[in-house]
Amino acid sequence: MLDAIGLKTEEDLISYLPADVRFDRRLAIENGKSEFEIIEYFRSLAARNANGYASFLGAGVYHHYRPVLVDTIVSRGEFLTSYTPYQAEISQGTLTSIFEFQTMICQLTGMDVANASMYDGSSAVPEAAMMAVRVTRRDKVLVARTVHPEYREVLHTYTQHQGIPVEEFGYQKNGTVDLDELTRKLDESVAAVIVQSPNFFGLLEQIEELSSAVSRRGALLVVVFTEAVSLGIVRPPKEADIVVGELQSFAISPSYGGPYAGIIAAREKYIRQLPGRLVGETTDAAGNRAFCLTLATREQHIRREKATSNICTNQALLALMATVFMSVYGKQGLRELALQNLSKAHYLASKLDLRFDAPFFNEFVVRTDGRSPQQINSKLLGKNIIGGLPLERFYPELKDSMLLCATEMSRREDMDTIATAFSAVDVS
Amino acid sequence: MLDAIGLKTEEDLISYLPADVRFDRRLAIENGKSEFEIIEYFRSLAARNANGYASFLGAGVYHHYRPVLVDTIVSRGEFLTSYTPYQAEISQGTLTSIFEFQTMICQLTGMDVANASMYDGSSAVPEAAMMAVRVTRRDKVLVARTVHPEYREVLHTYTQHQGIPVEEFGYQKNGTVDLDELTRKLDESVAAVIVQSPNFFGLLEQIEELSSAVSRRGALLVVVFTEAVSLGIVRPPKEADIVVGELQSFAISPSYGGPYAGIIAAREKYIRQLPGRLVGETTDAAGNRAFCLTLATREQHIRREKATSNICTNQALLALMATVFMSVYGKQGLRELALQNLSKAHYLASKLDLRFDAPFFNEFVVRTDGRSPQQINSKLLGKNIIGGLPLERFYPELKDSMLLCATEMSRREDMDTIATAFSAVDVS
Amino acid sequence: MIKKVSRHIVQNEPLLFELSSPGKAGYQLPPLDVPDFNPEEVLGRSYVRDEIEDFPEVSEFETLRHFSRLSTWNYAIDLGLYPLGSCTMKYNPRVNELVARTEGIAWAHPYQPEELSQGCMEIVAALERALAEITGMDAVTLQPAAGAHGEFTGILMIRALLESRGNARKRILVPDSAHGTNPATATAVGYTVENLRSNDRGMVDLDVLERAVTDDVAALMITNPNTVGVFEENIRAICGILHDKGALVYMDGANMNALVGVARPGEFGIDVMHLNLHKTFSTPHGGGGPGAGAVAVAKVLTPFLPSPRLARADNRWTWNYDLPQSIGRVRAFYGNYGVLVRALAYIMAHGGNGLRLATLDALLNANYLRTLLEPYYELAYKAPSMHECVFSDDRQAKKGVRTGDIAKRLIDYGFHPYTVSFPLIVRGALMIEPTETEPKRELDLFADAMISIAKEVEENPELVLKAPHSTRTPRVDEVTAARKPIVRWKPESKASLAAD
Amino acid sequence: MIKKVSRHIVQNEPLLFELSSPGKAGYQLPPLDVPDFNPEEVLGRSYVRDEIEDFPEVSEFETLRHFSRLSTWNYAIDLGLYPLGSCTMKYNPRVNELVARTEGIAWAHPYQPEELSQGCMEIVAALERALAEITGMDAVTLQPAAGAHGEFTGILMIRALLESRGNARKRILVPDSAHGTNPATATAVGYTVENLRSNDRGMVDLDVLERAVTDDVAALMITNPNTVGVFEENIRAICGILHDKGALVYMDGANMNALVGVARPGEFGIDVMHLNLHKTFSTPHGGGGPGAGAVAVAKVLTPFLPSPRLARADNRWTWNYDLPQSIGRVRAFYGNYGVLVRALAYIMAHGGNGLRLATLDALLNANYLRTLLEPYYELAYKAPSMHECVFSDDRQAKKGVRTGDIAKRLIDYGFHPYTVSFPLIVRGALMIEPTETEPKRELDLFADAMISIAKEVEENPELVLKAPHSTRTPRVDEVTAARKPIVRWKPESKASLAAD
Ligand SMILES: Cc1ncc(COP(=O)(O)O)c(C=O)c1O
Ligand SMILES: Cc1ncc(COP(=O)(O)O)c(C=O)c1O
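Protein chains in written order, with the working numbering: chain A, 1 to 428; chain B, 429 to 856; chain C, 857 to 1356; chain D, 1357 to 1856.
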């Protein structure tokens, strides 16, 4: 091949690089390793993580069972190693599955349109805010303190330099948004009001009520979810204008925080303001149904500085995992799964001292009366249980509280152990 | 569907079964379990097996590294869930890979033809013996005591009712076959002489010498191998008439004894006496190269009671694993792999008291002088090492000996631990 | 009109040997942590081989691509209905693949100490229990590697039992509808085969049988339901006839998918039978194997079961080799173990009740197809069908179109063909087994295709005779392949160079 | 003549919703081990949803078959060359998939105690180290989820730095050859974009740049090698010009596959850059994602890195949130962690030396194709190519055939097209990046195909204009799709009922 291009050695391929640019040393990276060594390396590191613990952490990342078919399907090279389906004629597999994904997200959320995926739930929040700003031509954003704290941080990071002031509003004694405070802050400059349901405390918000309050002021209601399984039994946020959320619960392993799949769905009329990729139905030259990427004029590769977002690569393979998950569980299964989560969480909650009394799905905040959450957690670690998330870090006022989550994977005996750890009479 | 066939309930489908035949009770098998429960069940059982031990067992089953691509490829539904390739037009994937397999087996063994696989190495031995009986029209079989003991048992089981007398011949002080005894027993009634190389003690037999002795008496020489990796460096049994062996070493996990893949290869002139399936090259209606199952007139589905064997289902998927393995390692890799095995085994052997002095590949017999093999093994178990196979069970005369195997997976520190365990001065 | 498939492009690909270029490799080994031994020194020159001539030399990526491309030329149950009669091509649940790869199971060495193998042994015990319950027999061996291997094992046991009674006898009766492995097996155990003519309902003819059963008959090998998918309604009488003459009855259980949970061979007189775990119990066929041919026996035969047997001693499992009457081993170690793991997982997922429901669904699907196709194809026998239905090509043959041609044409419609020309007692047989895991939609599409082909045979037989028309590889010349067999690649081989 | 593919059949398949039948399901849950709580009681009626309308109801097998069938309609790197310029479609080693699924890693919760996450954190540290070494920069953040996300992070940091100096400035310069995410990003951070005209060699024009760089310019976003595959030979001078004016240089590292081991941006003046781990470091594209957009920065920018940062304290890793100048978070948790694991495995498999060799092979393959195609297609720029080569369709356009048509015709030859119509500065661009993992054989077949198409354009343009002719789905009408968008299935939807 070198002959063909008239060169002697591969080094000649970089001979024209300016000498003061060429890197002549060796990279300080160890020599290549064999497959076996690589596997051993990661296994030895994995051994230094939590292994064999029962976990009751939720807070945006949930421990649900992953049906075997999910990896069977996403491991097929035709899905795993294909690029973005720009060439529709040889990408109908990916395009069709995304169209099914978009449809199921609409069915779950009660929205009319959904895109092909966002990076994750957190980055979808600012995208929704900016979308609302474009739609309403207003600039302010109100966000509930009961929205996932890290999601709010991301919102602040995104909006700070776009002249989009962000204000937070608090929660009432029962742990759901303080509607009075919201109404006070809801002036004509507000483009979007962002709430989460189930909220960060696991509590359900009153979407209907919120929506009427918000729409009365001409703002858009953005509803966030982090626990997709809740949609199997909890009333969908039909009245929202935009719904964003995280699908990690749908067969995506926690994997120390990612990759996950964010979604953004909205009412039909906002479709041209959606960020990211959209798959649409059309026909091929033979007149048969076919699918392709559509409304690209919203996107950076066409619209450049005027695009609705700068997103390009998304989370397609994770969205496919969620699609397979939804297909495996289906209509009945997702409901039964949600009911099991509900029952497990309420069983555990029934033995503890709840901080808030609004209805909750599979997460809830408990008082650690007297002792610190850390004390209780370290006692649980001794019993191979990872307890709940101490809330002080995000909510100084909740110093004595932790957020616990139970899913279909939680075993009764572990929950009983937790109850014991909390109870004054300590058997350990 | 019931309507279509004019029935009311599914029960009607069995109404015509004679009442005294129908099973009206419930099977005493627990109700169906979920995926999660099934996985937990097998995990809990796996936990009761050896976990985290370094093993130095060989004796027909070897611990080699399995390249990741092997499972990637055999997990593709197109290979995993297809049937025997009788319909050539939609089975070219399987047929082509078998043709490659047959070719590589010939290249490795020095034979002219090889079939698509046998159940395993052990059942391939009697098939070879019966083949020799058909070819030579003689009936007696001589088998070396250095052939895997369980393979010999299988040979006896198969031949006992076919009027094929089987006689064994022993080994000399150096652990290889006793040529004198063999020559003595080699009369005109002998159809086949069966030896193994590397033999059960890991030692290399003198194939050239054996072959001239055997052919001089008009019998066929059948050479068996259990450690396929040896063929990466050890001279192939070119002079044999039939070669049978076990490919477990080629990316097939030990899996408590199966499924593995047996091979049978032979000289061209014996092709019509081969048992099992064969893939052949031909052309399709468009004149292009194509492959199909061939010489079916040897097989049971055509020849019935006159078939060369009753085998039908074989070990196709395991043969594919071996094919992928051979492709991944290739010409250089198989040699380097064999060399690593050789070096590891000779390193360990150099620290121990060898029972035999013939050249060996990656297995060898050591004296446990004084103590019993069991004593040494139980000491090793305490150090998370599974030692060698005590030989008394198969060779009463080797009461004080065990068979050790080292492969590329054996770690030096474990081998040093073994050396220490053997040495009089015991540091444990 | 062809609804089920469209034409699309698949990648061509030469053979690995044609892809090779010197020096390429797809592997890397960890560095050697011991001194490097020189093979010529430790083995001696004469024992060291030269390089393996023409062995593949390709990159890791080329290996993956090569086999990925080849795979796209295959049909598979994952892609569609695979109605091979007598093969029971059903869904292969993927959780079974996962559990069989559980580390402590997949890496268990057959000779590792028994105290470190209790998990593996418990699995063997659990499967033996379940299969004994399903068959209604007294004991089960899991050692045979496939159905034919199971037959061999079973007939050997029969021979051993008869010998222990003083006379091994000479003949084994095999209905002319039997699978080829049955007669082939009988011969392999040293018996002469006598074929029994089936009656006009496709069943064993009691009179023919009476006459055939003499004192030198060792056994009858019967398939039930038989290969025409019909239950041998006189099975008890049949067994009685043989037992009265001191002979035994072997049942080929390849069609057990029709009986699980609804009838138990142990209760209708069978002495020994095999099960194809790769059929009834859904372990993947893998392009031809592996299988597992568990054999279940009645009490009289238990002493003769292959060695070793699993035994329970002071609360743990152990392998018992002390079996004076055993026929010995039919295979090294304990059988196709990984296949057994999958079969047990399948049984656990269904449970007793689920297994029975699966059987009923299998019967429903087969009878549904029978009903849809009966107007267009000649039903071989009117007797009620169980899990499969068999037609003959009599009507189509009038137009010169045979079952093999219809099969090839089915490919154009997007289906794998049914079993062609078997059983032999049916002229031009079309043997169709849909299994319980097929959705109605797929069955309807199949029926449409068959009906449409029946019409094509009337209107345009040529179209069918030249099929398939849509595959990458059109009809393959099997005759030439057998005339001068080329069973390995050789560098000089013209055909190979003409690769692409 | 088309050598690389043949036509074959693939299965058709309706949508999941069209396959559904009431009551079907593919799941089973373990029995509930706690009392059953009634949702209406614990949530209240108004909070409980009705059944999810039209949600799928299919069996487990139907799910597997559905997606297996869909997959066969896709092209993939596993099946053949995927020469998308700027996308670096290289082999995705499967061991990386395996290690990312290691239980202790795949099931690690981002909030589990740090003392129980040390393995995960060490992986982050190791990858940050390796990428800093490769780029020659001072620090790396792994938080961004993709390249565009990395750009956003980088520009935010620039803004934060400038603000800390008292003036965030107004404008960001972007060469007209840049990828769309560059200008889109600049806007998202509140800057106005000024496009820079490239010179006739496809590079940044120093004079144009001089003139453009004023005191209100915050930064230049430059891609190097740029999107025509050419190394910006004046890169040092370019950086100098901006630095002299107190502005910074952002480098889009999407083309880093051309530089790894041969040049380090940190050494030629870059202040901040992103890496697309899903390009240069081979993590699978998965049909559009996930990716990871690691960002490397020079010392001046380190205080502004996203929060949290990994820190070492008394011999263990900990997450440090106390970063007063940090721009904050760009994503929850710590990034697309599973992608990071794969990238590290890739780097380990190659090692320092292997990475450099991979780069040289990438350049070799690109230049080999350039040489073969130059006689038939108009090379956009004569400057030496690095990892990709860009042609224009000028010659073919004369016959009315555009780059998009040639791309579709390539499909008939068995290849995925190159990148079409990008970069915008090239009229009708054909942007070709083979990557280092392609064997010569595949490159030669690709060149043959391109050359043969060039001839077809001369002799029979219609053939090319109507392509593809061999796919299950002929040319798709994207215009109608955009005119009246249908982005979800609805039961009444006619199109859907016309399914098959
Ligand atoms: C009726 C019948 N008997 C026996 C067999 C042989 O079983 P195996 O292929 O597992 O050896 C088969 C399978 O082909 C069969 O269909
Ligand atoms: C030159 C260039 N810059 C930026 C990007 C955007 O990267 P990503 O798709 O990972 O967001 C790409 C990838 O498409 C690219 O090619």
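Keep in mind that the hints are not guaranteed to be accurate.
Unchecked claim - Taking lysine to aspartate or glutamate and the DMTMM-like style, the derived pairs with C-alpha atoms no more than 25 Å apart in a straight line are:
(1) B:LYS666 <-> C:GLU984
(2) A:LYS269 <-> D:ASP1410
(3) C:LYS1155 <-> B:ASP431
(4) B:LYS666 <-> C:GLU907
(5) D:LYS1380 <-> C:GLU907
(6) D:LYS1380 <-> B:ASP712
(7) D:LYS1380 <-> B:ASP431
(8) A:LYS351 <-> A:ASP416
(9) B:LYS779 <-> B:GLU764
(10) D:LYS1796 <-> A:ASP416
Said to hold, decoys possible - Looking from chain A toward chain C, a few residues come up when the C-beta cut is under 8 Å (computed):
(11) GLU30
(12) GLY32
(13) SER34
(14) ILE39
(15) TYR41
(16) SER44
(17) GLY77
(18) ASP139
(19) LEU182
Unchecked claim - Ranges between beta-carbon positions, derived for each pair:
(20) B:HIS729 <-> C:LYS1322: 19 to 27 Å
(21) C:THR1336 <-> B:LYS436: 34 to 42 Å
(22) D:ASP1392 <-> C:LEU1062: 24 to 32 Å
Please keep in mind that the hints were generated in silico from the structure rather than gathered at the bench. Backbone N, C-alpha and C define an ideal beta-carbon position, used for all residues, glycine too.
Checked hints:
1. B:LYS666 <-> C:GLU984: violated, 43 Å
2. A:LYS269 <-> D:ASP1410: holds, 22 Å
3. C:LYS1155 <-> B:ASP431: violated, 43 Å
4. B:LYS666 <-> C:GLU907: holds, 14 Å
5. D:LYS1380 <-> C:GLU907: violated, 58 Å
6. D:LYS1380 <-> B:ASP712: Cα-Cα ~43 Å, so violated.
7. D:LYS1380 <-> B:ASP431: It holds: about 19 Å lies between the C-alpha atoms, which stays within 25 Å.
8. A:LYS351 <-> A:ASP416: Holds, at about 8 Å.
9. B:LYS779 <-> B:GLU764: OK: LYS779 (chain B) and GLU764 (chain B) at ~23 Å, within 25 Å.
10. D:LYS1796 <-> A:ASP416: Violated, at roughly 64 Å.
11. GLU30: violated, 11 Å
12. GLY32: holds, 7 Å
13. SER34: holds, 4 Å
14. ILE39: With a minimum Cβ separation of about 11 Å from chain C (threshold 8 Å), the hint on ILE39 (chain A) is violated.
15. TYR41: violated, 11 Å
16. SER44: Cβ of SER44 (chain A) sits 14 Å from chain C, so the hint is violated.
17. GLY77: holds, 6 Å
18. ASP139: Violated - the Cβ of ASP139 (chain A) stays beyond 8 Å from chain C, reaching only about 51 Å at its closest.
19. LEU182: Since chain C brings no Cβ nearer than about 48 Å to LEU182 (chain A), farther than 8 Å, the hint is violated.
20. B:HIS729 <-> C:LYS1322: 19 to 27 Å: holds, 26 Å
21. C:THR1336 <-> B:LYS436: 34 to 42 Å: violated, 54 Å
22. D:ASP1392 <-> C:LEU1062: 24 to 32 Å: For LEU1062 (chain C) against ASP1392 (chain D), whose Cβ atoms are near 57 Å apart, the range 24 to 32 Å is violated.
Hint compliance for this structure: hints 1, 3, 5, 6, 10, 11, 14, 15, 16, 18, 19, 21, 22 are not met, and every other hint is.
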